[in-house]
Amino acid sequence: MILAVTVAVLVTGGVYLTLQRSMVRAVFGMTMISHAANFMLLASGVSAWRGEPINGRTDVAVAADPLPQAFVLTAIVITLAITIFMLSTAVFGHDDDQYRLPETGEER
Amino acid sequence: MENPPVAAPVDPALLLLLVAVPLAAAALSTLVKSRTFDRTLLIGVPVFVGAAAVVLLVIHADHAVLAHSVGGYLNGLAIPFVSDSFAALLLLVTSVASVLCGWFLISTGEDQYRFVPALILMMLTGAYGTILTGDLFNMFVFVEVMVLPSYALIAVTGTWRRLGVARMFVIVNLLTSTLLLVGVGFVYGTTGTVNIGTLAAMDEIDAPGQLALGLVVVAFLIKAGAVPAHTWLVRSYPNTSAGMMALFSALHSKVAIYAIFRIYGTVFGEPPAWTWALAVVAVASILVGSLSGMAENRVRNTLAVQMTSGVGHILVGVVLLTSAALQAGIFYTVHHILTMAGLLLIFGAVEQTYGTGLYRKLTGLARREKATAVLVVLGLFSLVGLPPTSGLWGKVGLVVAAAVPTDGESTSVMGWVLIAAIILGSVLSLFALIRLWRGVFWGEDPDTYYPDGRLTGRSRATTLTADVRIPTRLLVPGAVLIGLSVVLFIAPQPLIDVTQRSADGLLSNGDYIRAVLGHG
Numbered sequence: 001m002i003l004a005v006t007v008a009v010l011v012t013g014g015v016y017l018t019l020q021r022s023m024v025r026a027v028f029g030m031t032m033i034s035h036a037a038n039f040m041l042l043a044s045g046v047s048a049w050r051g052e053p054i055n056g057r058t059d060v061a062v063a064a065d066p067l068p069q070a071f072v073l074t075a076i077v078i079t080l081a082i083t084i085f086m087l088s089t090a091v092f093g094h095d096d097d098q099y100r101l102p103e104t105g106e107e108r
Numbered sequence: 001m002e003n004p005p006v007a008a009p010v011d012p013a014l015l016l017l018l019v020a021v022p023l024a025a026a027a028l029s030t031l032v033k034s035r036t037f038d039r040t041l042l043i044g045v046p047v048f049v050g051a052a053a054v055v056l057l058v059i060h061a062d063h064a065v066l067a068h069s070v071g072g073y074l075n076g077l078a079i080p081f082v083s084d085s086f087a088a089l090l091l092l093v094t095s096v097a098s099v100l101c102g103w104f105l106i107s108t109g110e111d112q113y114r115f116v117p118a119l120i121l122m123m124l125t126g127a128y129g130t131i132l133t134g135d136l137f138n139m140f141v142f143v144e145v146m147v148l149p150s151y152a153l154i155a156v157t158g159t160w161r162r163l164g165v166a167r168m169f170v171i172v173n174l175l176t177s178t179l180l181l182v183g184v185g186f187v188y189g190t191t192g193t194v195n196i197g198t199l200a201a202m203d204e205i206d207a208p209g210q211l212a213l214g215l216v217v218v219a220f221l222i223k224a225g226a227v228p229a230h231t232w233l234v235r236s237y238p239n240t241s242a243g244m245m246a247l248f249s250a251l252h253s254k255v256a257i258y259a260i261f262r263i264y265g266t267v268f269g270e271p272p273a274w275t276w277a278l279a280v281v282a283v284a285s286i287l288v289g290s291l292s293g294m295a296e297n298r299v300r301n302t303l304a305v306q307m308t309s310g311v312g313h314i315l316v317g318v319v320l321l322t323s324a325a326l327q328a329g330i331f332y333t334v335h336h337i338l339t340m341a342g343l344l345l346i347f348g349a350v351e352q353t354y355g356t357g358l359y360r361k362l363t364g365l366a367r368r369e370k371a372t373a374v375l376v377v378l379g380l381f382s383l384v385g386l387p388p389t390s391g392l393w394g395k396v397g398l399v400v401a402a403a404v405p406t407d408g409e410s411t412s413v414m415g416w417v418l419i420a421a422i423i424l425g426s427v428l429s430l431f432a433l434i435r436l437w438r439g440v441f442w443g444e445d446p447d448t449y450y451p452d453g454r455l456t457g458r459s460r461a462t463t464l465t466a467d468v469r470i471p472t473r474l475l476v477p478g479a480v481l482i483g484l485s486v487v488l489f490i491a492p493q494p495l496i497d498v499t500q501r502s503a504d505g506l507l508s509n510g511d512y513i514r515a516v517l518g519h520g
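Chains as they are written, first to last, in our numbering: chain L, 1 to 108; chain Z, 1 to 520.
Incorrect hints may appear among the rest.
What the hints assert, rightly or not - Okay, the calculated bits of chain Z under chain L, using three or more residues with CB under 8 angstroms as the criterion:
no.: 1; segment: 135-145
no.: 2; segment: 149-156
no.: 3; segment: 166-180
What the hints assert, rightly or not - Ranges between beta-carbon positions, derived for each pair:
no.: 4; chain 1: Z; residue 1: 72; chain 2: L; residue 2: 60; range: 48 to 58 angstroms
no.: 5; chain 1: L; residue 1: 16; chain 2: Z; residue 2: 413; range: 35 to 45 angstroms
no.: 6; chain 1: Z; residue 1: 431; chain 2: L; residue 2: 69; range: 32 to 42 angstroms
no.: 7; chain 1: L; residue 1: 58; chain 2: Z; residue 2: 11; range: 30 to 40 angstroms
no.: 8; chain 1: L; residue 1: 76; chain 2: Z; residue 2: 423; range: 45 to 55 angstroms
no.: 9; chain 1: Z; residue 1: 30; chain 2: L; residue 2: 70; range: 24 to 34 angstroms
no.: 10; chain 1: L; residue 1: 76; chain 2: Z; residue 2: 360; range: 47 to 57 angstroms
no.: 11; chain 1: L; residue 1: 55; chain 2: Z; residue 2: 76; range: 11 to 21 angstroms
no.: 12; chain 1: Z; residue 1: 27; chain 2: L; residue 2: 60; range: 51 to 61 angstroms
no.: 13; chain 1: Z; residue 1: 24; chain 2: L; residue 2: 69; range: 25 to 35 angstroms
What the hints assert, rightly or not - Examples of chain Z residues toward chain L, derived with CB under 7 angstroms:
no.: 14; residue: 188
no.: 15; residue: 446
no.: 16; residue: 470
no.: 17; residue: 471
Think of the hints as simulated: they come from the structure by calculation, not from any bench. By construction, the Cβ of each residue, glycine as well, lies at the ideal position given by its N, Cα and C atoms.
Let's have the full structure, built from the sequences with the hints guiding it.
Written out as structure tokens, the structure is:
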């Protein structure tokens with residue numbers, strides 16, 4: 001339940017921030033949505049506390065499901081890389097974050 | 001098809017090479033600072049994969065599926081790398097398109113931008129990996145590997161204007177990837193596996209599991225640029241350079257299409273409950289994509305909305321989900337990759353020479369550039385679906401598949417709606433493309449052009465002199481692709497055979513399951 005509420009809060013905040021004009025806020029929004037996704041992934045395993053999924057250390061019956069953890073780890077790495085790239089696009093270019101629509105090269 | 005267990009003619013573990021070689025090449029290209037070396041890799045790697053794909057296609061003629069469980073883990077738990085006729089065909093076509101796009105980028109000098117060859121090789125790694133993997137989560141990872149370099153590529157070949165587009169491109173794609181990730185997580189939560197072979201082997205996937213797979217399909221639909229989530233593609237692709245756009249259109253959206261075909265064919269096998277929703281998406285994509293071309297004022301914007309229309313046509317194959325429909329859908333995919341990349345490369349040559357893609361600035365090229373005009377006519381005919389091009393067989397196949405259900409009943413209501421959409425879409429496309437033709441190739445003789453300072457971007461209108469002509473070397477890659485489209489009109493049978501085998505392999509997934517879960 002706590003997990004579900006956390007996901008809801010993170011997604012709500014994330015969507016709000018992503019819809020802001022400023023790139024930095026959008027980046028923060030995307031980060032929150034990614035965190036929400038990670039929680040959802042964890043919830044797809046067993047969300048209760050279980051033992052480490054290491055062979056010979058924990059009995060299989062009480063070990064946690066390692067797959068969602070591996071998923072989340074991969075997802076975190078990918079999101080981190082993209083976040084850095086997005087922040088760099090926020091730094092590039094001009095001071096147009098708040099006031100101007102980005103130029104798309106279209107004739108308006 | 002009960003094949004006796006024959007020993008695979010090659011070790012399936014070699015499939016990993018098709019991903020490892022591009023990845024290693026990308027790494028080498030960043031380490032070794034040599035233009036010749038970069039160019040060799042940029043062309044050589046897709047040639048290698050294309051050749052391997054031909055070998056695979058020959059093998060799959062009598063050995064339907066090759067599978068290898070990576071790392072020797074238990075079958076069904078391990079991440080499998082799987083190749084069947086469909087995967088091999090897509091590998092071949094994307095490789096052909098990549099070679100020619102690479103050739104074009106070398107001709108325009110865009111490969112000299114920093115790290116561009118490495119990034120393209122990385123993108124190829126992701127595309128090939130997505131095609132070959134048999135695991136949904138691994139598919140997500142490879143999709144990310146494919147999309148990440150494109151974030152940089154869309155900005156690196158551009159001027160400041162394209163940075164704004166890059167922001168939008170990144171945010172939309174990251175959001176879609178997150179959706180895909182959540183979908184894959186839900187698939188794991190509901191079915192307990194993300195292995196496509198294991199999913200296919202399940203007797204029946206329950207409603208939550210189907211919903212989770214539906215989320216994955218939605219994410220791939222957004223990545224493919226289907227209506228109503230097509231605007232990101234239409235607004236971002238035309239703002240990168242023509243060569244890049246051709247590469248993106250050949251890899252990104254088509255790999256997403258591949259994933260949808262794989263999930264629908266191999267996992268579902270029969271239309272799931274929400275088929276009507278996908279039908280709405282397909283019809284809307286066809287009509288909106290065809291109609292939007294009327295309101296665009298740049299060549300590549302028109303082609304970008306035509307990509308949306310193409311995605312709609314391809315989706316007709318999975319909406320109907322019969323053997324004939326899948327065959328037609330796969331045929332259309334091949335045709336669309338070749339035609340779209342060909343047209344984009346030819347208009348890339350026009351833009352490179354005349355410095356603009358705006359209808360109102362280009363005029364009267366038909367008299368000035370006769371070879372280009374012929375190629376463009378063929379390409380546009382192919383998009384609309386007129387002879388003498390592969391577009392005709394693509395559309396005829398789809399219409400016939402919609403008209404003739406497999407069980408011998410009369411045409412369903414959905415079939416009629418799809419046929420009407422395809423025909424109406426073709427007429428609308430024809431009007432939109434006639435507009436393109438009138439804007440660029442008819443009209444008065446041009447008297448100005450906008451020469452390109454090599455690294456500084458556009459300059460002012462300059463009086464056109466007689467020696468300004470599109471260089472042949474820029475036209476050749478696009479001409480080869482359009483030529484392939486014409487060849488497919490004259491001799492479609494080999495491709496029809498392969499696509500039929502691919503469609504049957506998707507629908508009767510016994511061989512796939514045996515190869516992935518068997519002794520393999």
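- Of all the hints given earlier, name the ones this structure violates by number, lowest first. Hints 4, 6, 12, 15, 16, 17 contradicted; others consistent.
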